[in-house]
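Participant: Sequence:
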Amino acid sequence: MPVAPGSLIAGYRVVAQLGSGAMGDVYIVENPHLHRREAMKVISVGGASNADFQQRFTNEARTAAALDHPSIITVYAYGVEDDSPWFTMSYLDGPDLASVRLTAAEVVTVVNQVADALDYAHNRQVVHRDIKPANIVITRDESGALRRAVVLDFGIARLSDSPQLTAANSVVGTMAYTAPEIISGQNAGARSDQYGLACTTYTLLAGTPPFQGDTSAAIMMAHLQQPTPSIAHLRPDLAPLAPVLARAMSKDPAARYPNCKEFAADLQRALGQTQSGTATAVAPVPPVGAGHGSHPSAPSHPSAGGSYPGSGQQSFPGQQSQPGYQSFPGQQSHPGFASQPGQQSFPGQYPGTTPLTHPGATGPQTAWQPLGGFPGQGSQPGTPAPYGAAPQQKSKKGLWIGMAVAAVAIIAIAATSPLWWPKSDPPPAPVPTAATQAQMDTIRGTTCVIQNAELYCWGSNENGQLGDGGENERTTPAKVNHLKEVTAISLGGYSSSTGPGAVTACAVAEGDAYCWGAGLFGALGNGGNSDSSVPTKVSGLGTVTAISTDKYTTCAISDGDVYCWGWNSRGEGGGSGDSGEELKRPTQVNGISDAESISVGAGNTCAVTKQKEAYCWGDNYDAQLGNGSTGTRSTTPLKVNNLENVSSISVGTGTHRSRDSDSSLQFTQVCAVADGEVYCWGAKFDADGAKLDPQKLPAKVEGLPEKVHTVSTDVDTMCATADDAAYCWGNNQFGQAGGPDGTSTVTAPTEVNGLGKVTAVVTGTSTTCATSDEQYFCWGFNRAGQVGNGSTGDKVLTPTQVNLPTE
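One point on numbering: in this note's numbering, the residue at position 610 of the sequence shown is 603, and numbering is uninterrupted.
Worth flagging that the hints you see were computed from the coordinates, not collected in a lab. Incorrect hints may have been included.
SDA-like cross-link-like pairs, simulated, lysine to any residue; straight-line CA separation at most 20 Å [what the hints assert, rightly or not]: (1) Lys254 - Ala98; (2) Lys693 - Pro733; (3) Lys477 - Gly521; (4) Lys472 - His226; (5) Lys605 - Asn638; (6) Lys605 - Asn635; (7) Lys693 - Glu744; (8) Lys750 - Thr793; (9) Lys530 - Asp571; (10) Lys244 - Gly206; (11) Lys700 - Glu637; (12) Lys605 - Leu690; (13) Lys605 - Asp668; (14) Lys750 - Gly669; (15) Lys577 - Gly669; (16) Lys603 - Lys577; (17) Lys603 - Thr536; (18) Lys244 - Gly182; (19) Lys603 - Lys530; (20) Lys689 - Leu631; (21) Lys244 - Ile176; (22) Lys693 - Ser622; (23) Lys244 - Gly178; (24) Lys477 - Asn465.
The task is simple: from the sequences and hints, build the whole structure.
Facilitator: Next up, the structure:
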């Protein structure tokens, strides 16, 4: 029965009751000797008066009191009063993580501090056994910055497992965060705490626990049998974190990280590959009910200054030949050349346009033949949306103390009581980023998209780029087997006069790079030149977070460094850039680090770093390096001038052929988003199709909303995401820019009709695709069925929903 304020417990005067739970009551008390306020937990469960339990309590309290770490709650004193064990500890002015929103960067900071605390305890043979959001409290300084994360309840979980307590406490730990080995009856160990920390991390980032069920037994079975869900399902912007969390949540403890700090360090590195450091992640109300402990309620209390009375204030880590004239060995055609007379080009010729800003086209038109090029970013993780739609709990900000949450009452045989799961509105779709953009790609008659971390492809299949083991074209999507936890996809092409052209596909799956399809010049990174109709893992890389491929050159970001392989005649893969050079295996590109995103486009590569700077290398005939010069190529990355806070970059190419001349030349354009605005540079033409002096420095594209998120460009078509919509401009020969008739040039950025809330858009070889209201839509050129509507034809003028197979 609760003790009234003013009463004494073991000489401590009770000021107020903070809360109560199945393990007992929590009070604010005054220390009679130090005249300070502390928190007291009085254990009052059935069996607590048993002498053996009281001895065990004394042992556990002594162990907890010996822990001296800034991120572990400080236990001051303990004893037994009237057969009720009690202990006092410091109290904290701050909420627990079950009731607050944190940015992704703050979540990782918390994980670093908690991991350090857990490893400290584990090195002293102390296991927590109940790591979950409600057992971690945070404090902030006067500026609002996160100061400290503190772990509560060391020793309580072990006490809850005491045989002297009632059977209701026979299984320990809140089930949503309990390791499978504990559920199976094995002893908890250090890696059990790591599993709980990983589940907690997932919950804080995704807004929901990784494993759920309608009964406690169902949750147990989910931990034991279901595969670890990918954070990319709910947070595609945090896709690089997926393999890290998957390892820490492995069913087999031996497969997890050796210690918690290594898990936290990998998580920090993975976050560095995203743009999520400042967006809000929400931790909504955790599931409660049978099998779920609930935190005792605590009254609101005025701030006590946020001071931490623990041991010290240690801080923890938060944290050249002209294009079109270079022939390739074994190739009949030359890259960049238009179709020969009498041959039909793919995807056809379209009227000339004025690239970049398109002030309007008048006078004679020219004909253009598209050349490959990555339509958008490679795998660029990006900024997430504020996952803040869930109704916020009443604040638990107040004098949080080390109070023990009720041990979960789960008995495997009888655990059939229904759970009531508090529901919240689903989180809003992520803000468009290069990470969401990397969920789909389309090039030269082939389209691929990612849904629920699985890859689906359709369209042309001459090189086995659909990954199904064959070479038959398909006009509707089919799943690509052999890949799990897919977080990014990139398609790259090379022109052909007889069909769609050669296509290479590369993806990031489970943190590894896989390539398949056209393999000439080492594009697949396996040391050979042969095509492959099934995904093949690229060896020699670490944790891969981004990938981009085009025209037999592939580049990936591995642990922040850039590695390239395949064709390198223009320095696009680093290396020497000598004529005919091939990189058979991944080769590191010197001069760039901390890369977040990558885009490869027929002779050039551009990347964005963690510092939000853009770098380009390779050819420079159209000033596509953006450094104010032309002509001199570079095999090392050069910073693009006059851009700050770059969040998205795309290299696009095409082939220009004038109607009054048979000559054809490749052109290259690059567009980027900097400070929320689109800038483009490179090839430039007048309204009559005559080639002008190139745009040597980034030029702002007018006519877009204030805040642009991503941009994609190819064959002189540009598309961007802004204000929950897709905007396109430029070449519209096949309706890929959303123009009404599919023939005229769209001279200014124009919203694409027929879409809802857009979170990504890519354009490639006159086909455009977008993600709208969590569905995929495609339109534009469709000769190989790449729009995905089950048919083929020259053009589809309006966005058409792609129906992915259900399994």
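Participant: So which of the earlier hints does this model not fit?
Facilitator: 2, 3, 9, 15, 16, 19 and 24
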